[in-house]
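Chain A is already provided as a structure; the job is to place chain B on it using the hints.
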Amino acid sequence: MVSHRLLLLFALLTALLAPYLLDLWLFSGGPWYRPFLIWLGLCMLVALIEQWHRHEL
Amino acid sequence: MNFELPQLLLICFTYLLCLFGAAYLTERGLLPPKLVRHPLLHALSLGVYASAWTFYGAFGVAAESGLLYLGSYIGAAAAFMLAPVILIPILRITRTYQLSSLADLFAFRFRSGGVGTLTALALLVACLPLLSIQIQAVSDSIYLLNQQVDRAQIAAGFCTIIALFAILFGARRASLRNSHSGLVVAVAIESIIKLLALVTVALFAYFGFFEGHEGLQSWLDANPLALQQMQKPTTPGGWQVLILAFFTSAVVMPHMFHLAFTENVSYESLYKATWVMPLFLLLMALCVPPILWAAHASGGMTTNSEFVVLNLGHTLNQPWLTLVALIGGLSAASGLIIVAVVALASMLQNHLVLPLVRRPEQTRFYTWLLWLRRFLIILLIFACYLFFITFGESFSLQQLGSLGFAAFLQFLPGLLATLYWPGASRRGFLLGLTGGFGIWLFAITLPLHREILQIDIPISSDQHWYLFVLLSVLLNLVLMVIGSLLFPGSSSERQSAEACVLNSLQRPLGLALPAAGQASDLVAQLEPRIGVDSANREVNRARVELNLPLGNLRPIDMLRLRNQLEHNLSGLLGPVEAAAILQPRSAAPSAGFRAREVHLLEQQLEHYDARLSGLAAELDQLRRYHRVTLQRLPIGACTLNEERRIQFWNSELARYTGIDDESCIGLRLISLPPPWDRLLDEFASGDAHHEPAVQVDINGFPRWFSLHKASLGHASAEGMVLLVEDETEYQMISRNLAHQERLASIGRFAAGVAHEIGNPVTGIACLAQNLKLETDTPEVLETGEQIVEQTERISRIVQSLVRFAHTGRQQNSMLRERVSLHECIADAIRLVQLDSRVRQQRFTNSVATDLYSYADPQQMLQVFINLLNNASDASPDQGEIRIDASSEGNRILLSITDEGSGIAPEHIEHLFEPFFTTKEPGKGTGLGLPLVYNIITEHYGSIELFSPADKKQNNGTQVVITLPRYNGSSPD
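So the protein sequences, as listed, match chains A and B. When we follow UniProt numbering, the leftmost residue of the first sequence carries the number 1, and every step to the right adds one. When we follow UniProt numbering, the leftmost residue of the second sequence carries the number 1, and every step to the right adds one.
Next comes chain A alone, as it looks inside the complex (with noise of 0.2 Å):
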């Protein structure tokens, strides 16, 4: 339950940051790549994540 909460807080903090972030991801310049590299980065980080979930069952 609490790491639901814990997600669901997230989940309500990045739709209040949205815009925010959104610009700062993708319209903050450099090059035009650097939207997918943070991407690849975060679902790196899903899926140790993910990986600690496995251990953890």
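Please keep in mind that the hints were generated in silico from the structure rather than gathered at the bench. Fair warning: there could be bad hints in the mix.
Some chain A residues judged to face chain B by a derived CB distance under 10 Å, without partners named [to be verified]:
id: 1; residue: Phe10
id: 2; residue: Leu22
id: 3; residue: Gly29
id: 4; residue: Trp39
id: 5; residue: Cys43
id: 6; residue: Leu48
As the structure is a computational prediction, the values presented were derived from the model and not from experiment. Note that CB positions come from ideal geometry on N, CA and C, so glycine has one too.
Quick look at chain B alone, frame taken from chain A:
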């Protein structure tokens, strides 16, 4: 760009044939099961999300609005990343309650067929543009490669093949929850193919055309407008709405729901999808800019920018690249349309056809169901084709896609309410969905309104699309909240809502216990709807799954069977139909906690432990502690509900009664086997709260139990707790002690009497002896002789009294040695046979010669002489007396059986009391058996009498003695 038509058709058919082959091999079990069931494969099948709209349409959006095209990828990636809070809970509900579609889920959550029907219809309307896009993409792409072909004909051919595939691999079994592994494998392969196709084109553009990073960078430096066009900021509100729409679509679109939940075999695949799918979508999205820029640079950008990926091969003079892109587009379109049509067909079957159409008589139910679904598949594909023919010409892929995805957003409030708000009601949901969908329909038909109403509306649905979408969702949400607050749901709806909410218990619904009955009662209930054969098959299947016996079932088992049946039928007919068929004829009133079956609740909690955290986990630990305390209580305890049905039965009570908790939970007390039925039921119904030492005969042995009861008070109406205390040991000890005390007091009395009588008797005997010397008168001498004889008799009695009094006082000095029981009994027989009458009787000594006890040999001899004398006295002249022995562990069981008249039952319990005798006056002192009893108990043995020994002839007595066995060392 012109490819030969046969060449194109050959490529498309070969590809689709390969797909058929993969699905066929899977269904035939020719692919390794480990591969077919691998979570990664299932996670990849979710790549069906990347449809033709993503494959082709994304280029159109990117060319027009830059990075806005990422909205569809980011929204879906977010949905998969948040799987633990969105997808996993939905999977939990759909698996537990056998739900196969979003309409099933909402119909179950809101306990309403109407909700299911409206959801199915709304999904159908939302899906038609999306499915039409797939047909349009395939026909347009082939048309681009060969302008001589007719688009409608290509679409018709494509639809026919897809319908065939969907029927062959998506509607193989009647049950919706049965896994179609062939379909899943084919879709996963399609995901890989479309990704590989796009990556191949992108790699060629990047390395082949731009010659790597530097080439691309220098082109971008030379054409800054291209990068600016890509990175131009868009309306912030539009972004959010777009992401939210795709986020919702990734969960609620029929094909996504079908693959993520209905065809899913494990939670593991969804956990894997949390990173596999975002990575998959990232790769797909990453391919777009290089391809688009390569098209720009090579001058391949046409007005139809959606098909830039197809044109690139032609522009760069690389026909193979075009064919790779064509295969990619074909796989993207065919995967989605196949799964979506299968999913929609089952949804329409459950929520539109089954409530309206009855099964025709003389038709096998499963066959009818299967053919119904196949017919619906054909009908749906035909409808998509018609939609494409009618509207496909006038709208672009991008426009049609936006329409569909915005419609799926209307299901977000209902989905969130299902997972997080048990207060949402059926009417609230219906109001919200109708309102939201109404706005959506108004928006898409806005141009039509302008024409019909002849008024100038200052907004256009193309420019302000996100405003319309936002407005429709907000209205949906507000109407749902207001509707739910104004019209709260019924109790059954509330139960379903609680079952769906995150972290809720998944207990069976409708917990009121039915009456006891038989499985055939349920068959009779099902038979009018699904036919007698199918009803028998379903009931038997559920009965076997629960390991229930044939014949009469207890109420609790009837409830379990009913729930299992509803569970199974839900996978066949959907939750609404299943619940309607199994609706009890007389609905029991719901009564909150009172009517709840506590043990069912506990069973659910037992399976739920791992998911509890925080306060809930602490409370659960407390519950477990109390439960273990009650379970391990060294006193029998059971609780009853207001109907006197057993709710709890602890292990000590199970030990007393030999009835385990599994077999008695839910029973009334009177249904327990005797003697517990009357004992407990009468006590539970009586006024007394305590009943001390009630004697009960169990297997012929007396046992004593003290009973206590207390009401459970307000918490459970008239429920009560019963405590059963085993007092048998205490009763035996106290009775033994009383007997010992009586023997001891008699012993003391006997010793005193012997002492007081012994002296005068000795004096009388001496005087009588002297009398012989003082007279020669024969009469006097005879009188003296008689006096001596009588005094000798008195002396014998006194001696036996003294012997009796002395037993039990010499424990410490008692001689103990190895005694051969065979020899000891043989000696006793010899001594007993000195009597002439006894000589005619037959003594059979069957005691084994190697059986030894650790005892005082003289006392043992006395025991056997006494017992054999008694047996001899009771036996007829030619009677047989048998002595047998056997050993059990460290004990010897020795029996002496005669063929005498036996002992009256009322005398048996007095036999070991001193001075009690059944012999004629003067023949017995009544001290023999008490003496034997004392000697045996001093040797740590026991003695019991059974009469009649021969129950057929109703005669004889058997004395059974247990003695410690000598094992080579003296027992301490």
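Verification of the hints:
1. Phe10: 9 Å, holds
2. Leu22: With a closest approach of 6 Å, the A/Leu22 hint holds.
3. Gly29: Because about 8 Å separates A/Gly29 from the closest Cβ in chain B, which is inside the 10 Å limit, the hint holds.
4. Trp39: 5 Å, holds
5. Cys43: The hint holds - A/Cys43 has a Cβ within 10 Å of chain B, the shortest such distance being about 5 Å.
6. Leu48: 9 Å, holds
Consistency with the previously given hints is maintained throughout, with no hint failing.
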